[in-house]
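**Student:** Sequence:
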Amino acid sequence: MSPRNMSKIVPVFFFVLMVFLMFPATMGGVAQGLSIKMFTILSPNSSIFPKNLTLFEKHQKLTEISKARALDLIMTTSSSETLVPNAISSPVKHAYSDFYYIEMYVGTPPQKTNLALDTGSTLTWVQCEGCKSCFELSMPNFSIRRSTTSRPMPDDHPLCVPPNLGPGTKGQNCVYGLFYYDRSSTYGPFGFDTFTFLSEQGQLAIPNVAFGWGLFNKVNFNDYFHGHDNPIGGILGLGRGHPTGILQQLNQITLRRFSYCLPPQFEAQSLLHFGEDAQIGGPSVGSTPILGGPDDYYFMKLDAISLNGQRLQIDPSLFMAGGKGMAVDSGSPYSHIVAEAFKVLKQAVVDYFHNMYGWQPMTQKSKTGFDLCYQNIPTVFTSPSVTLHFEGADFVLHKPTLFQAFEHHNEFCMTILSMDQSDGLNILGAAQQVNYRFLFDVAALRLSFSPENC
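Heads up: the sequence shown runs through residues -28 to -1, 1 to 426, numbered per mature numbering (1 follows the signal peptide of the UniProt record, and there is no 0).
Everything labelled a hint here was simulated from the structure, so no lab data went into it. Glycine residues also receive a C-beta, built at the ideal position from the N, C-alpha and C atoms. Keep in mind that a hint or two might mislead.
[Said to hold, decoys possible] Derived DSS-like pairs: lysine-lysine, alpha-carbon spacing no greater than 30 Å straight-line:
no.	residue 1	residue 2
1	K104	K273
2	K318	K190
3	K315	K339
4	K104	K142
5	K315	K273
6	K273	K296
7	K315	K337
8	K339	K371
9	K296	K371
10	K296	K318
11	K104	K84
12	K371	K318
13	K315	K296
14	K273	K371
15	K273	K318
16	K190	K273
17	K318	K337
18	K339	K273
19	K371	K337
20	K339	K318
[Said to hold, decoys possible] Estimated spans, in silico, between C-beta atoms of each pair:
no.	residue 1	residue 2	range
21	N348	K315	17 to 27 Å
22	T121	K371	20 to 30 Å
23	H380	P255	13 to 23 Å
24	D201	R283	43 to 53 Å
25	R283	Q251	28 to 38 Å
26	E363	P423	34 to 44 Å
27	T141	H381	49 to 59 Å
28	T141	Q319	48 to 58 Å
Assemble the whole structure, with the sequences as input and the hints as a guide.
**Tutor:** This is the structure:
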């Protein structure tokens, strides 16, 4: 989900990741490829989310999540806090997202859990039996005592390092802590156990995976399921900034790279690939650097925005708001552009539709939550083409992802949102990533993308 503002968090494009691992390549008996099946949680294929939501209700949830997620990113990237050893009450702020989750097993014998996939943080944690502060869960909490392979991490272990980790108050074992700007938090011991992933070919059990044993969890996933049982028992971190991250811990399998291709909203399933399974090719591949530093988020340098081939007059410094560039965030349903840049794009779109069809945008607040809407839904029209010019690569937004009709309210809206905060960030959200393959090559610090029918 998009939990920093947990009172608003939910899945959006919400891809349920049901593990479907393939290991075609091995080296010394170690698998170097891994593929996970994923589908949108709001699709008819999802077994855990309401199936009777209207299209408008789905988009309402997605806009709420996008705005909450954007605030999450701002608060995280602007924070300078780090976890001080022996001070788990003051941990670093991080983001996480339940946009995706995987179904997997932890411990020996295996105990089922669902972990939300988060590309915006590195630390993995699971709510455990005996928790002092707990969130409601539709399955049993993970039982440390029932697992014969569970063991705590000593405080002098090389993985027990800030941020997020440090010695406990008694100086015996390692502890973790995460604190969110809305005062949501999770902390507890840090330890090891076996993670078991499922595939049609069998199971892959990986011993000694380090993760947090969540015993104090002031987190409320349930708000995002609107009366339905919460299936999410923790977070699987896919960020790049800490040695406890799955990409680094399992680097012989992941090779510190992964890829995905998001299918159209509310439709078919797709696969999340790691390691040698994570490939991209073809004549239309664009590649751009992942901006430096050990940030958890994946930022790209955005140079300009074009509409129908004409570059808009936008101060390039606005694309580096927060000094970070544009974040590629699968946990945000829709894209955000900082307010001053959004005004220019919005006016260009308004001028286009006025010149082509004589349309005038709504002046009253839209019920959809979007910032540019028209009353009445057109039957035939041609959308303008919008291109994001990244360093070394152009990203053409697919026209079906730019505008959406909401029949219930007879509104037609652009599905890009304005980030009004002065310290806001530019975000490429999941809806605008649809039908593109993305390859995150952390080892090479390159992010590549190519159009693909997902």
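**Student:** Which of the listed hints are broken here?
**Tutor:** Violated hints: 1, 2, 16, 18, 22, 23, 26; rest satisfied.
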